[in-house]
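Asker: Work out the full structure, taking the sequences as your base and the hints as a guide.
There are 2 protein chains.
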Amino acid sequence: MDKVIDGVFYTNLKQIYNPKGDVFHAMKQSDIGFNGFGEVYFSSIHYGDIKPWKKHLHMTLNLVVPIGCIRFVIYDDREKSPTKGLFNEFTLSPEKYCRLTVPPGVWMAFQGVGRELNLLLNVANLEHDPNEMVRIDLEEIKYGW
Amino acid sequence: MDKVIDGVFYTNLKQIYNPKGDVFHAMKQSDIGFNGFGEVYFSSIHYGDIKPWKKHLHMTLNLVVPIGCIRFVIYDDREKSPTKGLFNEFTLSPEKYCRLTVPPGVWMAFQGVGRELNLLLNVANLEHDPNEMVRIDLEEIKYGW
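Chain order of the listed sequences is L and A. Residue 127 in our numbering sits at position 127 of the first sequence, with consecutive numbering throughout. Residue 126 in our numbering sits at position 126 of the second sequence, with consecutive numbering throughout.
With a straight-line Cα cutoff of 30 Å, these simulated DSS-like cross-link-like pairs (lysine-lysine) come out:
| # | chain 1 | residue 1 | chain 2 | residue 2 |
| --- | --- | --- | --- | --- |
| 1 | L | Lys96 | L | Lys3 |
| 2 | A | Lys55 | L | Lys20 |
| 3 | A | Lys14 | L | Lys28 |
Just so you know, these hints were derived from the structure itself, not from any lab. In this text, all values refer to a predicted model and were calculated from it rather than measured experimentally.
Answerer: Structure, rendered in structure tokens:
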């Protein structure tokens, strides 16, 4: 990737070995990208399917994929952003175990890559509120999926 | 179960159908059992294995099982508790999708029930701190596992 979109962070996370079952970090309140706590929820995405573009007006997303594999695409069309016009793509899985922080104001869509369960955890600074998000169809932002 | 241990909550959670992959609630800051945000992490437990008794002095646990099946046993030996001496057992899975809130001061151990990945999410009010917990061997509290 050439450049990371302004406000986006891609942070390595620890997986701690335990003979009875490993522990996986997700987010601490002292971590980079933490912007307050509103809600944590899971979202799943079937193999090959894409949940299309969504933009949050106030919510910061902190995304972790503890099982399966998910491809996230972010698009920056913010008027005053130093990275306006840029796309970023990140593929998250337990094998490449990272947290992706997505600031409000950019577009994000994601696709299921694993053939079985693909699960993301979002640690959000706000509770779900349909009024703080905008949804558009996949075709409205052209990308080589 | 006769009676729930004082401070323990067992709360039904929503699973929201989506043709591309469902959404699963975990915890909102306005939910019962929420006691502040310190950290979220995952822990896994292999089939048949038991992670033995642990007591937190200050941490409230909020446990959700998005995949697999995990059996949790809680034991209350708090001197002034109205439920002193009681054991509670809860089995969590996506099929019986609930959140288990465990207050500080009680003992908890858990066992992997599913034959594949058993994963819990803990939404904790504190960051991990080995000084605020006590660990003892499984045999130190007798229970019919």
